[in-house]
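Listed below are the residues making up each chain.
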Amino acid sequence: MAIKGYIRERFFPHIWCPGCGHGIVLNSLLRAIEKLGMSKNEIVVVSGIGCSSRISGYVDFHTLHTLHGRALAFATGVKMSRPELNLIVPMGDGDALAIGGNHFIHSARRNIDMTAIVMNNRIYGMTGGQYSPLSGYGTLATTAPYTNIDNSFDTVELATAAGASFVARSTTYHVQQLTKILKQAILHEGFSVVEVLSQCPTYFGRKNRKGTAADMMEYYKNNTTPVGSTAKKENPDLIERGVFVEKEMPEYCKEYDKIIERAMKGSV
Amino acid sequence: MLQNVRTSLSGSCHRNRNGIGFIMKNKNIKFVQGNEACVEGALYAGLNFFAGYPITPSTEIAELLSYRLPQKGGKFIQMEDEIASMGAIIGASLTGSKVMTATSGPGFSLMQEALGYAIMTEIPCVVVNVQRGGPSTGIPTHVSQGDVYQARWGTHGDHAIVTITASNHQDVFQTTVDAFNISETYRTPVILLYDEVVGHTRERLVLPEQGELPLVERLRTSVREGVNYHPYLPREDGRLPMSDFGGHHRYNVTGLFHDMWGFPSDNPQVVHDLIRHLVDKIRNNVNQIARFKEYYLKDAKCILISYGSSARSARHVVEYLRPRGEKLGLLELQTLWPFPHDIVNEKCVNAKHIVVVEMNMGQILREVKRAVERPDRVFMANRIDGVFITPKDIRDILRVIQGKGV
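Protein sequences, first through last, are from chains A and B.
For reference, each letter of the first sequence is one residue, going 1 to 268 in this note's numbering.
For reference, each letter of the second sequence is one residue, going 1 to 406 in this note's numbering.
FYI, nobody ran anything at the bench for these hints, they're computed from the structure.
Just so you know, not all the hints are guaranteed correct.
Computed list of lysine to any residue pairs in SDA-like fashion (alpha-carbon distance at most 25 Å, straight line) [said to hold, decoys possible]:
{"id": "1", "chain 1": "B", "residue 1": "K281", "chain 2": "B", "residue 2": "I343"}
{"id": "2", "chain 1": "A", "residue 1": "K265", "chain 2": "B", "residue 2": "G46"}
{"id": "3", "chain 1": "A", "residue 1": "K254", "chain 2": "B", "residue 2": "I343"}
{"id": "4", "chain 1": "A", "residue 1": "K247", "chain 2": "A", "residue 2": "R109"}
{"id": "5", "chain 1": "A", "residue 1": "K40", "chain 2": "B", "residue 2": "S222"}
{"id": "6", "chain 1": "A", "residue 1": "K35", "chain 2": "A", "residue 2": "H68"}
{"id": "7", "chain 1": "A", "residue 1": "K40", "chain 2": "B", "residue 2": "G46"}
{"id": "8", "chain 1": "A", "residue 1": "K35", "chain 2": "B", "residue 2": "S222"}
{"id": "9", "chain 1": "A", "residue 1": "K35", "chain 2": "B", "residue 2": "G247"}
{"id": "10", "chain 1": "A", "residue 1": "K247", "chain 2": "A", "residue 2": "T143"}
{"id": "11", "chain 1": "A", "residue 1": "K40", "chain 2": "B", "residue 2": "R220"}
So, partial list: chain A residues that the calculated Cβ filter (under 7 Å) puts toward chain B [as the list claims (entries may be wrong)]:
{"id": "12", "residue": "F61"}
{"id": "13", "residue": "L85"}
{"id": "14", "residue": "N86"}
Cβ atoms here follow ideal geometry from the backbone N, Cα and C, with glycine treated the same way.
With the rest of the complex left out, here is chain A (with noise of 0.2 Å):
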């Protein structure tokens, strides 16, 4: 099918900026799952609040726009209802990491089959630019006018540690690497996080003299580096990009089918 008959042209024009960088997510995330060859019918996608979770409305799915910070709790309630069903759920960084944190950890740990996309623009960008978990020390935003105090989280380090089976990172300016890690992503079995670096020209660009979108593209490109190479030893600041985790684990879904089998069987 082509990429067209994955969206709800009815309900465009879209919401977002010129220059955004979700569009282009969107865009990754839709041709992902046309390699994949995924019927429309099988698929869920999920999302919270913020610019990112617009997302859900254009696409031709099931889709469930829910509450800031709580589409992985929804999802889990749709996926462990119906475990045969694709779960993708994008959020932005406030969204997933704030306020939707403690279901972000808590998804991981259970390791249950869901892809989480964390479109991170390093901002609030819907309610018109204050700072997020990942805006960094040292940045500027509406609500941090003398410079940000608060440090960032590392997403990656974060899932990972919170027991993530996939985790990985690209940019919107890698989108061909992002396509190839979506696909990645939604065809592993278990809690999938892929971070992406989306650009937010309106509100992190201005107020942090990123300049346009394409030069907060090109410092994507001049500023990650692929996963384990020499030149993260040379420069530590490069942000490295690729898949950190990928491993087998037991799925939550999967297990409660065992739970289920033994109870019926009568035997605890």
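Got chain A; can you put chain B on it based on the hints?
For chain B alone, kept in the frame of chain A given last:
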């Protein structure tokens, strides 16, 4: 527990494996906590997904369901908090499951945002709140009925809500079944507002046979695959046929005001129509949703109005004073929201005194005053110290009201 049904056939009364209840011989009679009666009612109604988080005094509901649900192929999950529990049941309901969560005061506070989401998106679910004393952590192991208004107005924005309660275990079972039926009929969350005394008291429960109580199954759309399905276009009778997530029809669900496609809209007409629909579907059915019990109301000069565990003491007072010549009656409310104003007014029209018996600062008292023609005749008999209100407490207050001295 199934094993115990078998072993109990030979004996008269056995303690079951969990030590949680007793099973009497031969019959479907159990000696259980109110929380277990709720579990039995939920399973009878077809519950197949439960998400929850431990909290006193509702925890037994989660414990029992973690044991019972997988036995029938259902799912239980203990989430990381009550917010997640509420999210999970809403997600599961969208795929076609009958869902429930159970909590108490602090957890109920955490659930309020998602409760509003279920109202807005019209997703059936049942939320049990076994009340304890509040505010805040309050008095976790003691009884209160202080969440009556939170059940009504806990989530933000204009909305309607259904809240029902019960005073004894047979009624807990019945109202739990009712909660699922109402939830499916009106596509709304239903709150079961029990309290610590009902939840933890042990008494007899007769389990009805399958088929004995009517069950409402979800109304699903008859729109065929390939034909446009409008998930949020109500039928003429106000009902919205659903399509399960994972089925033929793909649609959007959002907590934003939305049009018939489920897509966000700020069109004033759309916003107006949706909020009217959400409120009217409950408001127009107040009498269908109203459940109550009455004792000796016909010639009563003094009417006690009560609900939940406090109605047990109120009933005791009525049964005690009737043979002693007092024209006393009891109206036991089971549906608290939508409040049955007309029914209360009609029942109280000839009463000289109306005494609302509850364990809070007068939450249902306020509604009763709004309902009756002579609010000056409405009095309160309450306790707010975490101690169960006794028949003597009520009798003492009655003496004052009736001018018989302190």
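Each hint, compared with the structure:
With a C-alpha separation of about 19 Å, the suggested pairing of B:K281 with B:I343 holds against the 25 Å cut-off. A C-alpha spacing of about 20 Å is found between A:K265 and B:G46, which places the hinted pair at or below 25 Å, so the restraint holds. Our distance criterion of 25 Å between C-alpha atoms is broken by A:K254 and B:I343, whose separation comes to about 51 Å. Under the criterion of a C-alpha separation no larger than 25 Å, the hint pairing A:K247 with A:R109 is consistent with the structure, at around 13 Å.
Restraint check for A:K40 and B:S222: the C-alpha separation of about 20 Å stays at or below 25 Å, so the hint holds. Straight-line distance between C-alpha atoms of A:K35 and A:H68 comes to about 31 Å, which puts the hinted pair past the 25 Å bound. Note on A:K40 and B:G46: the hinted pairing is violated, with a Cα-Cα distance of about 29 Å set against a maximum of 25 Å. About 33 Å separates the Cα atoms of A:K35 and B:S222, which puts this hinted pair outside 25 Å; it is violated.
Restraint check: the Cα-Cα separation between A:K35 and B:G247 comes to about 22 Å, which is no more than 25 Å; the hinted pair holds. Proximity of A:K247 to A:T143 is assessed by CA-CA distance (about 40 Å); at most 25 Å being required, the pair is judged violated. Straight-line distance between C-alpha atoms of A:K40 and B:R220 comes to about 20 Å, which keeps the hinted pair within the 25 Å bound. Annotation: A:F61 was flagged as interfacial toward chain B, and the flag holds, the nearest CB pair being 6 Å apart, inside 7 Å.
Taking 7 Å as the C-beta cut-off, the interface hint given for A:L85 holds, the closest approach to chain B being about 5 Å. Among the interface hints, the one on A:N86 is violated; its C-beta lies about 10 Å from the nearest C-beta in chain B, farther than the 7 Å criterion.
In summary, the structure is inconsistent with hints 3, 6, 7, 8, 10, 14 from the numbered list given earlier, while agreeing with the others.
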